[in-house]
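Asks: Please model the complete structure; the sequences and the hints are all you need to start from.
Residue numbers (UniProt numbering), protein chains in the order written: chain A, 1 to 251; chain B, 1 to 321.
Note that these hints are calculated values from the structure, not bench results.
Glycine included, every Cβ here is placed at the ideal spot set by N, Cα and C.
Watch out, some of these pointers could steer you wrong.
To be verified - What the simulated footprint calls covered on chain A by chain B, stretch by stretch (three residues with Cβ under 8 Å from a Cβ of chain B suffice, anywhere in the stretch; the number is not a length):
hint, segment
1, 77-84
2, 120-133
3, 199-208
4, 228-241
What the hints assert, rightly or not - Pair by pair, the computed Cβ-Cβ distance ranges are:
hint, chain 1, residue 1, chain 2, residue 2, range
5, A, R145, B, G74, 52 to 62 Å
6, B, R101, A, A84, 39 to 49 Å
7, A, E125, B, Q135, 46 to 56 Å
8, A, T132, B, V10, 37 to 47 Å
9, B, R103, A, T135, 53 to 63 Å
10, B, H106, A, A210, 57 to 67 Å
11, A, A84, B, G229, 41 to 51 Å
12, B, P98, A, L116, 26 to 36 Å
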Amino acid sequence: MLTVTGVSRSFGGVYAVHDVTLGVAEGEVCGVIGPNGAGKSTLFNLITGHLTADRGEISFLGRRVERLAPHRRARLGMSIVFQAARVFRGMTVRENVMVGMHGRTRAGFVSAALRLPRHHHDEREIARAADTALTRVGLTEWADRPADLLPIGQQRALQLARALCARPRLLLLDEPASGLRAGEREHLAALVEELRADGLTILLIEHDVAFVTRLADRVVVLDLGQVIADGSPAEVRADPLVLAAYLGQAS
Amino acid sequence: MRRLAGGLLVAAATLALPAVLDDSALAVYILLGLAAMVTVGVSLLMGYAGQVSLGQGAFYAIGAYTAALLALGGVPPLAGLIAAPLVAAASALVIGTPLLRLRGHHLAFATLAMQLILLSVAGQMEFTGGDIGLQAIPQFGIGSWEMSSAAAYAYLTWAGVALVMLVTYNVSTSRPGRALRALATSETAAASSGIPVGRYKLAVFALSAAFAGLAGSIYCFYTGYVAPGSFPVLISIQYIVMAVVGGLGTIWGAVVGATAITLLVQGLNIVGALPGMPTYAPSVLSYAVYALVLILVVLFLPQGLLPALTRRLPSRVRARS
Numbered sequence: 001m002l003t004v005t006g007v008s009r010s011f012g013g014v015y016a017v018h019d020v021t022l023g024v025a026e027g028e029v030c031g032v033i034g035p036n037g038a039g040k041s042t043l044f045n046l047i048t049g050h051l052t053a054d055r056g057e058i059s060f061l062g063r064r065v066e067r068l069a070p071h072r073r074a075r076l077g078m079s080i081v082f083q084a085a086r087v088f089r090g091m092t093v094r095e096n097v098m099v100g101m102h103g104r105t106r107a108g109f110v111s112a113a114l115r116l117p118r119h120h121h122d123e124r125e126i127a128r129a130a131d132t133a134l135t136r137v138g139l140t141e142w143a144d145r146p147a148d149l150l151p152i153g154q155q156r157a158l159q160l161a162r163a164l165c166a167r168p169r170l171l172l173l174d175e176p177a178s179g180l181r182a183g184e185r186e187h188l189a190a191l192v193e194e195l196r197a198d199g200l201t202i203l204l205i206e207h208d209v210a211f212v213t214r215l216a217d218r219v220v221v222l223d224l225g226q227v228i229a230d231g232s233p234a235e236v237r238a239d240p241l242v243l244a245a246y247l248g249q250a251s
Numbered sequence: 001m002r003r004l005a006g007g008l009l010v011a012a013a014t015l016a017l018p019a020v021l022d023d024s025a026l027a028v029y030i031l032l033g034l035a036a037m038v039t040v041g042v043s044l045l046m047g048y049a050g051q052v053s054l055g056q057g058a059f060y061a062i063g064a065y066t067a068a069l070l071a072l073g074g075v076p077p078l079a080g081l082i083a084a085p086l087v088a089a090a091s092a093l094v095i096g097t098p099l100l101r102l103r104g105h106h107l108a109f110a111t112l113a114m115q116l117i118l119l120s121v122a123g124q125m126e127f128t129g130g131d132i133g134l135q136a137i138p139q140f141g142i143g144s145w146e147m148s149s150a151a152a153y154a155y156l157t158w159a160g161v162a163l164v165m166l167v168t169y170n171v172s173t174s175r176p177g178r179a180l181r182a183l184a185t186s187e188t189a190a191a192s193s194g195i196p197v198g199r200y201k202l203a204v205f206a207l208s209a210a211f212a213g214l215a216g217s218i219y220c221f222y223t224g225y226v227a228p229g230s231f232p233v234l235i236s237i238q239y240i241v242m243a244v245v246g247g248l249g250t251i252w253g254a255v256v257g258a259t260a261i262t263l264l265v266q267g268l269n270i271v272g273a274l275p276g277m278p279t280y281a282p283s284v285l286s287y288a289v290y291a292l293v294l295i296l297v298v299l300f301l302p303q304g305l306l307p308a309l310t311r312r313l314p315s316r317v318r319a320r321s
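Replies: Take a look at the structure:
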């Protein structure tokens, strides 16, 4: 579904990501781990389009996407949950989730200003999708509250609802567990397991090894911008290179 | 229910005022309405979409010059009234394409520069009448009917305000409005929700310019005269102050802010013209008041007058506003 081939990106002559190749198959949960500065965030931004690659190819659903703007990639079916709280301020929880449907609807300024049938049709669809997504992550009772007043764990859940509202083909999670308390982390992990059971394809970029090995079918390990291991959680955990680069350092 | 009643009361007062005001008070009432029209656009641009424009007066001027040139060229005034917002919006699309790549202070200065450039160009070109401007612009009218009373202009102006408010309300409570509020928080997250951020910023810039252009065209028919001096940079600052004082991102706030500032400036003009005051008093007072009011509001009512007032209402009423 997603193939990254020989992708590199440097900042000021230093490679943040160097010749990285990885693939995510349909229905798979793929985890990317690595120590701080391994290039995880850069790789994530290259896939979503917030950075462009110096070299290499990225294809999604059989289409080359490395030159596409982020909103175009989103419209092809990539949805993102960001690490930093990126809930939209000044909007309710429900409105935040409704934004997720933007790429799947068309009513523009003219339809909205003149309240054309297109507007009413899209609003109905958006509301329905938003309610489904809110129920899914358990935020229904918070729906009419200002989004920026939610605790951090629920902001993450809100982002997940917004991402799901777009009915994505591929869900990208950037360090979803960071900053969460144990209970919130458990709740999030349970949600991701449910999504996996539904067959959603997920790319999970995460610092927390235990979180990834619990959820991922396959784990890719980055170190210093390069892939040093790629395999099942058990294989990766036993890999001497990984132990040296990551687990050894972490202990 | 109370909201509806409140709306009807405001509408009734708006309609009744032209009948009771004398001509000099009507002039204030019309200029207030025109300022409110532009300020609603500024509030949409700044409050909803998070983009700053210190050059909104430029679009007001473009609208006024467009309507004036068309009317002097023999085009029916109604066509000029419709063309003015369209030309202002088209100009915003052209100017905004490079400008909206800038953010924050950079965008503010660039829009300010845009107005300064436009004013000096208008002061140089022959077809705009140079520094003297364009005079003897025909009255607004439709067919053989000619609008000559100030009261009629007041109705036209406030009909324009109502239209602009309705459009803004409809846009802000729908898919494009949510997209604008989203990109104001985070362009990255908005883009990843499928929102073409650049195109939406351009669209809202053009929409706010159209509001200013509409106000400008009514201004030109009402005064019968446009010149670069009619659109000083201070006018753009005034719209920002009005929007901030009323409450950014609230539609009624723009009207409340425009009213508060206009009445305040009028009051100060009267004070400044009192016997014994120095000749520079009126202009100094009006400049100083923008600075003072802006500082006070930002310090004590950061969300603006309207949200501060409605917060004192029972929460049941507030939930709907």
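Asks: Indicate, hint by hint, whether the structure satisfies it.
Replies: Structure-based check of each hint:
1. 77-84: With 4 residues closer than 8 Å to chain B, the segment 77-84 of chain A meets the three-residue bar; holds.
2. 120-133: holds (count 3)
3. 199-208: Violated: only 0 residues of the segment 199-208 of chain A have a Cβ under 8 Å from chain B.
4. 228-241: Since 0 is below three, the answer is violated.
5. R145(A) - G74(B): 52 to 62 Å: Once the Cβ atoms are compared, 58 Å apart, the range 52 to 62 Å for G74(B) and R145(A) holds.
6. R101(B) - A84(A): 39 to 49 Å: Once the Cβ atoms are compared, 23 Å apart, the range 39 to 49 Å for A84(A) and R101(B) is violated.
7. E125(A) - Q135(B): 46 to 56 Å: holds (54 Å)
8. T132(A) - V10(B): 37 to 47 Å: holds (39 Å)
9. R103(B) - T135(A): 53 to 63 Å: With a Cβ separation near 37 Å, R103(B) and T135(A) fall outside 53 to 63 Å, so the hint is violated.
10. H106(B) - A210(A): 57 to 67 Å: violated (45 Å)
11. A84(A) - G229(B): 41 to 51 Å: Holds, since A84(A) and G229(B) (Cβ atoms, about 48 Å apart) stay within the stated range.
12. P98(B) - L116(A): 26 to 36 Å: holds (32 Å)
Hints 3, 4, 6, 9 and 10 from the earlier list are contradicted by this structure; the remaining hints agree with it.
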